[in-house]
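> If you're matching them up, the sequences are chains W and B in order.
All the letters of the first sequence, read from the start, carry residue numbers 1 to 435 under my numbering.
All the letters of the second sequence, read from the start, carry residue numbers 1001 to 1480 under my numbering.
Simulated from the structure, these hints should not be mistaken for laboratory data.
Treat the hints with care, since some could be wrong.
[Stated by the list, open to error] No farther apart than 30 Å at their CA atoms in a straight line, the calculated lysine-lysine pairs in the DSSO-like style are these:
id	chain 1	residue 1	chain 2	residue 2
1	B	K1230	B	K1112
2	W	K264	W	K30
3	B	K1310	B	K1163
4	B	K1292	B	K1043
5	W	K264	B	K1292
6	B	K1452	W	K264
7	W	K242	W	K22
8	W	K264	B	K1112
9	W	K242	W	K56
10	B	K1043	W	K173
11	W	K22	W	K173
12	W	K264	B	K1043
Quantities reported herein were computed from a predicted structural model and do not represent experimental measurements.
This is what each chain is made of:
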Amino acid sequence: MSATLTAPPIQELAPNIVIRVKDGALNIGKYALLVVGIALLGACFIASMGGDPAHKTRIAFSYLTAYMGTLGICLCALFFVMVQHITRAGWSVGVRRFAENLAGALPLMALLFIPIYLSIDQLYEHWTHPHEGDEVLLGKHGWLNKGAFSVRAVLYFTIWLSLTFIFRRWSLKQDDSGDPALSLRMSRVAAPGILLFALSITFASFDWIMSLDPHWFSTIFGVCYFSGSYMAFFAFTILLTKWITGKGYMRESINTEHYHDLGKLLFTFMVFWTYTNFSQYMLISYANLPEETSFFAKRLDGGWGAVGTMLIFGHFLFPFAFLMSRHIKRNGYALGFGAVFLLVLHWIDMQFLIMPNAMAAHGADAGGADGAAAVSGQFGAQLSTWLHGMQWTDAACYLGMLCLVGSVTLINMCRHNLIPTRDPRLSEALNFQNL
Amino acid sequence: MTSITIIDEPENPLRRAPLVEGKNNFASVTNIVARVAENRTPKGWYLMFGIAIALLLNLGAMIGYLIFTGVGVWGNNIPVGWGWPIVNFVFWIGIGHAGTLISAVLFLFRQKWRTSINRASEAMTIFAVMAAGIFPAIHVGRIWVIYWVFPIPNQMLLWPNFKSPLLWDVFAVSTYFTVSTLFWFVGLIPDLATFRDRAARAGRTIAARAYGIFAFGWHGSNRHWVNYEKAYLILAALSTPLVLSVHSIVSFDFAVSLVPGWHTTIFPPYFVAGAIFSGFGMVLTLMIPARKWLGLHELVTLNHLDNIAKILLLTGSMVGYAYGLEFFIAWYSGNEYEQFCFINRAFGPYGWAYWIMVSCNVISPQFFWFRSIRRNPTLLFIISIFVNIGMWFERFVIVVTSLARDFLPSSWGYFSPTIIDVLTYIGSFGLFFTFFLLFCRFLPILAISELKGVMPEANPHHGHDQGHGQDHASGHNKAH
Chain W
1 MSATLTAPPI QELAPNIVIR VKDGALNIGK YALLVVGIAL LGACFIASMG GDPAHKTRIA
61 FSYLTAYMGT LGICLCALFF VMVQHITRAG WSVGVRRFAE NLAGALPLMA LLFIPIYLSI
121 DQLYEHWTHP HEGDEVLLGK HGWLNKGAFS VRAVLYFTIW LSLTFIFRRW SLKQDDSGDP
181 ALSLRMSRVA APGILLFALS ITFASFDWIM SLDPHWFSTI FGVCYFSGSY MAFFAFTILL
241 TKWITGKGYM RESINTEHYH DLGKLLFTFM VFWTYTNFSQ YMLISYANLP EETSFFAKRL
301 DGGWGAVGTM LIFGHFLFPF AFLMSRHIKR NGYALGFGAV FLLVLHWIDM QFLIMPNAMA
361 AHGADAGGAD GAAAVSGQFG AQLSTWLHGM QWTDAACYLG MLCLVGSVTL INMCRHNLIP
421 TRDPRLSEAL NFQNL
Chain B
1001 MTSITIIDEP ENPLRRAPLV EGKNNFASVT NIVARVAENR TPKGWYLMFG IAIALLLNLG
1061 AMIGYLIFTG VGVWGNNIPV GWGWPIVNFV FWIGIGHAGT LISAVLFLFR QKWRTSINRA
1121 SEAMTIFAVM AAGIFPAIHV GRIWVIYWVF PIPNQMLLWP NFKSPLLWDV FAVSTYFTVS
1181 TLFWFVGLIP DLATFRDRAA RAGRTIAARA YGIFAFGWHG SNRHWVNYEK AYLILAALST
1241 PLVLSVHSIV SFDFAVSLVP GWHTTIFPPY FVAGAIFSGF GMVLTLMIPA RKWLGLHELV
1301 TLNHLDNIAK ILLLTGSMVG YAYGLEFFIA WYSGNEYEQF CFINRAFGPY GWAYWIMVSC
1361 NVISPQFFWF RSIRRNPTLL FIISIFVNIG MWFERFVIVV TSLARDFLPS SWGYFSPTII
1421 DVLTYIGSFG LFFTFFLLFC RFLPILAISE LKGVMPEANP HHGHDQGHGQ DHASGHNKAH
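Work out the full structure: start from the sequences and follow the hints.
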């Protein structure tokens, strides 16, 4: 038996639905975010001009932290789109278009990678300028050299940009034709797409974060990066869609029921982040092998001990209790607060992964014993060390980059339909109820 | 509307494929499931049950021999102090993961197709965990003091080592067993009441009494259902972290150590993916014959098998990801012990086992990229057997290869199992199948009430106003 049908036009499903943004209606958001984003990143750029090289390197680290935090959000938007196709999800059709638009910021992220590439000598100093006679680094020179690093970066972006392009294009094409075969085709491409995504995000996190400390290694690192990023994607999505639905758009396709589900997924991947990070920490701490514990030893010192403690409370215990309740997830302000909170914690998580390398770049590696002494000191003292080590550029880069991505997402949204109007499962999304 | 494309019906995005096929209604679904337990026992069942009981007796004999003689009857010896018993333990625990994943995780994800396979998978889970639990218990040597694994206050002030993942296992596995059994039993209650009522109507008093005891006086009132659904949801939420925790903790048994090939941070999620992979493999191995012999093909449809095959492809690829990463990081780490360990795994004396593992776990599920294979029960069955074999070998490779060649080359050895090892392992299948066959014979092997819940008749909008809800597209046959 075969079907020769097309999806019904949206007017039949929901006669009064608004599918296009009225001219200029979201301009405030679009341009405000764009201006703030450019201003903040521009200020960081100006700050990095001149001055001593150490200062420049420090700002490069601010930038890398912000970049990895934001990149994960855009990448996981692409992942979300593929997962919705492969699981034939019905509830999320409206959210999916938003995620397509957010993934549409990946070309911008490719552009924003250029400063990192230009700072490669400062950021990845340990392997770009290895010490004489460092046998370990010599052994992995075939992987960690500028040429291979660049080839891989090009490869990752090729994968991400082509997948984004394909899914956006076909999804928009379906708006015109209503052809259900496109849904089928997208679910077929999503399967190898997810495979490529898993490999590319893993090795990208190895290249861009793990290799900051090229002696250290952890097989779960890619999964850790992914889990935090996916959580941040949900937080970002909840925030931006809250603003748009507040403006009166997409209210049928993203309402309380959908926010409830997004809240559940935010909660889920917050817990999954904890699971992966606990696995990494516990196993390394238990086995106590010096080549692995160096990672955490470095993070006991320089105030990072307080950050680690904060992550346990802020990235797990508090949001676990807070987001557990159904009422919280169905309340716009409460869920919005949770999303903002976790976006901030996501940035602190990225700091925890990246920043200690910036400080180690100046002096000798932190000794494990000294670190332990420091952490057994006071949380307050550690916290103040960390806060003193922070710079305005840390926050400015992250905020600026989030603003730019938000602005590009809004620009993408205004150019096309807000929802996949002829998606075969759209009526499920419009009638979705969270029992 | 210009585009007209021909799509094979089960894949048509405009419609959700029916989860119950054929001309079935509520009554016929009850009949199909109840008939399995009510009909005369087929001769084939006696044959299989006889074999299973024989194997179970063999397990008893082996355990008796072991207890009277000592663990020296096994091939375990230095350097391989953990041999088959731990391999078998992890193998069975892994199989015990599909049930709870299907019943809890897929429930929370609203995957309604789970309803036709959850009951049997949960039963399988419970029996597999029972089979698993035997191995570490008999491995302790002095099984008569096995209760020492529990932190029971005692006058000798003897406490288990709380820092040992082996003790965490005790808690993890017993919690998992308890919650899985509860979950399974709660789901069974409405169906047991159905069986009770049918038995009473047919005049089978003893059966009616027996089902009646376990049905807890269920009579399907509104209040019963409200409480039932709440309990089910809460148990699902409690079981979901268990799906991840149990095998994570099993992986800690290895990963907290310093042994190359055991100590790596990807182990917890990698073991969980492997467990789900092996569990779904066993679900296929059991459900494909069951649906054929018991006439369940309208309830356990090709679409169900197709979905299971996709999960096998996913989890098999995740396992492949972990194999690959272990190799990559062993090289990247620059640690020569790690590097040796993995080269030795693939090309050393146990290379044969390694390549069996890779071909069964990573290569064989790749056939599921093809839809025609995913929908061919015979091929699915064959590949599911490969999955079972492959996952046993995975544990063998992990346990044995890392130990056989440790840091001290003078103590290197080659592990060979004894006949007792082999017979004990085969015996554990006897335990598993004895219980599973009893389950098939006397209990509702599919969740009757849940199956009805996913039929179109259960939709409040059924029969009018087709523009809403699940079967939205059926009202839009308007291609021009």
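> Run every hint past the structure and note whether it holds.
Hints and how they fare:
no.: 1; hint: B:K1230 <-> B:K1112; in the structure: holds, 17 Å
no.: 2; hint: W:K264 <-> W:K30; in the structure: holds, 28 Å
no.: 3; hint: B:K1310 <-> B:K1163; in the structure: violated, 39 Å
no.: 4; hint: B:K1292 <-> B:K1043; in the structure: holds, 16 Å
no.: 5; hint: W:K264 <-> B:K1292; in the structure: violated, 39 Å
no.: 6; hint: B:K1452 <-> W:K264; in the structure: holds, 27 Å
no.: 7; hint: W:K242 <-> W:K22; in the structure: holds, 18 Å
no.: 8; hint: W:K264 <-> B:K1112; in the structure: holds, 18 Å
no.: 9; hint: W:K242 <-> W:K56; in the structure: violated, 37 Å
no.: 10; hint: B:K1043 <-> W:K173; in the structure: violated, 59 Å
no.: 11; hint: W:K22 <-> W:K173; in the structure: holds, 21 Å
no.: 12; hint: W:K264 <-> B:K1043; in the structure: violated, 50 Å
Hints 3, 5, 9, 10, 12 from the list above are not met by this structure, while the remaining hints are.
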